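Just so you know, the sequences run in chain order P and U. Each residue of the first sequence is one higher than the last, beginning at 8 in our numbering. Each residue of the second sequence is one higher than the last, beginning at 1448 in our numbering.
Just so you know, these hints were derived from the structure itself, not from any lab. Since the structure is predicted, the reported quantities are computational estimates derived from the model, not experimental observations. No residue lacks a Cβ here, since even glycine has one placed at the ideal position from N, Cα and C. Among the hints, a few may not be true.
Stated by the list, open to error - Below, a list of computed lysine-lysine pairs in the DSS-like style, where the Cα atoms sit at most 30 Å apart:
no.	chain 1	residue 1	chain 2	residue 2
1	P	117	P	85
2	U	1458	P	77
3	P	117	U	1500
4	P	117	P	80
5	P	80	U	1504
6	P	117	U	1458
Claimed, not checked - Looking from chain U toward chain P, a few residues come up when the C-beta cut is under 10 Å (computed):
no.	residue
7	1478
8	1495
9	1511
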Amino acid sequence: AQTVTQSQPEMSVQEAETVTLSCTYDTSESDYYLFWYKQPPSRQMILVIRQEAYKQQNATENRFSVNFQKAAKSFSLKISDSQLGDAAMYFCAYRSESGSEKLVFGKGTKLTVNP
Amino acid sequence: DAGITQSPRHKVTETGTPVTLRCHQTENHRYMYWYRQDPGHGLRLIHYSYGVKDTDKGEVSDGYSVSRSKTEDFLLTLESATSSQTSVYFCAISESGSRRTPLHFGNGTRLTVT
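Between the sequences and the hints, there should be enough to build the whole structure, so can you do that?
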C-alpha cells in the first residue's frame, strides 16, 4: 500500500522569505500523481499544485513550486516570498494512475508565517 | 468554487443515534467521495461513488454507509454513532474519471459524538 510521509509537523518562516516543506512517499508503481493541498483555518481544502510522475519538469504555480525527485520518491513544496495568507496546514497527497481510487494523504505540516 | 455544499456544517449527537451527512454538488460530476480528517491522520477515504447507485468502500468504511440516488447528492450515514466517529467529514468531487484530475473539497462537517 502506498504511504505518504511529511516529516515536519510544524514549520515557520518570516514574511517575504522562502520555505520548503518536505514530502516523501512509498510506492511500487511507476505512474501516479502528486498533489499539495493547503488548509487554512477556515478548514477549506485548497489545491496548491499538481505533478504528474511521468513529467520530469517540476510544476510551478506563481510563488509555489515543487522539487520532484522520482527516484528518491520525494516531492517537496517551495513557497517563495511567503505571505501572511500562506499560513495554513499543508498536505501532500498521492494518487495512483491505475490502482486504488483513493487519494492518500500525509499527516500535514503546519506553516506559520511571522511578520 | 466547485459548487459543493455540505450540510450540516456542525453537528453534535449522542452515542448510538443515527446521523446522516449530506453532500450536494451543482456540476453533475460522476465521482464523489467522503473523507474524514483526524489529528495525526490526515484525510482518509471512507466511501466513494462513481455514479448513481454505484458506490465502493474506502479504507475506513466500518460503521458507515452511503447512498447516491441522484447524481447531485451523496449521503453518508452513521447507523449508530460512536465517539470514535467524532471527526471532520469532507465531501469531494472529481471533475472527470481521470486520476490526474485533482479532487475538489467541500467545506467540511464537524461532527461531535458525545
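Problem set entry | Holds or violated: residue 117 of chain P to residue 80 of chain P, with C-alpha atoms at most 30 Å apart | Given pair residue 117 of chain P, residue 80 of chain P holds - Cα atoms ~22 Å apart, limit 30 Å.
For this session: Would you check the hint for residue 117 of chain P and residue 1458 of chain U, treating anything up to 30 Å between C-alpha atoms as holding?
Result: Answer holds: residue 117 of chain P to residue 1458 of chain U is near 26 Å, not above 30 Å.
Problem set entry | Pair hint residue 80 of chain P and residue 1504 of chain U, alpha-carbon separation not exceeding 30 Å | Answer holds: residue 80 of chain P to residue 1504 of chain U is near 28 Å, not above 30 Å.
Problem set entry | residue 1511 of chain U as an interface hint toward chain P, with CB separation required under 10 Å | 14 Å, violated
For this session: Classify the hint on residue 1495 of chain U as holds or violated, based on whether any CB of chain P lies nearer than 10 Å to its CB.
Result: OK, holds: residue 1495 of chain U within 10 Å of chain P, min 6 Å.
Exercise. Residue 117 of chain P and residue 1500 of chain U: Cα distance at most 30 Å?
Worked result: Violated. Residue 117 of chain P to residue 1500 of chain U sits at ~38 Å, over the 30 Å cutoff.
Exercise. Any CB of chain P closer than 10 Å to the CB of residue 1478 of chain U?
Worked result: It holds, given that the least Cβ distance between residue 1478 of chain U and chain P is near 8 Å, below 10 Å.
Problem set entry | Proposed proximity, residue 85 of chain P with residue 117 of chain P (alpha carbon, max 30 Å) | 14 Å, holds
For this session: Measure nothing beyond the straight line between the CA atoms of residue 1458 of chain U and residue 77 of chain P; if it is 30 Å or shorter, mark the hint as holding.
Result: Measuring from Cα to Cα gives roughly 42 Å; hence the hint is violated.
In terms of the numbered hints stated before, the structure departs from hints 2, 3 and 9, listed from lowest to highest.
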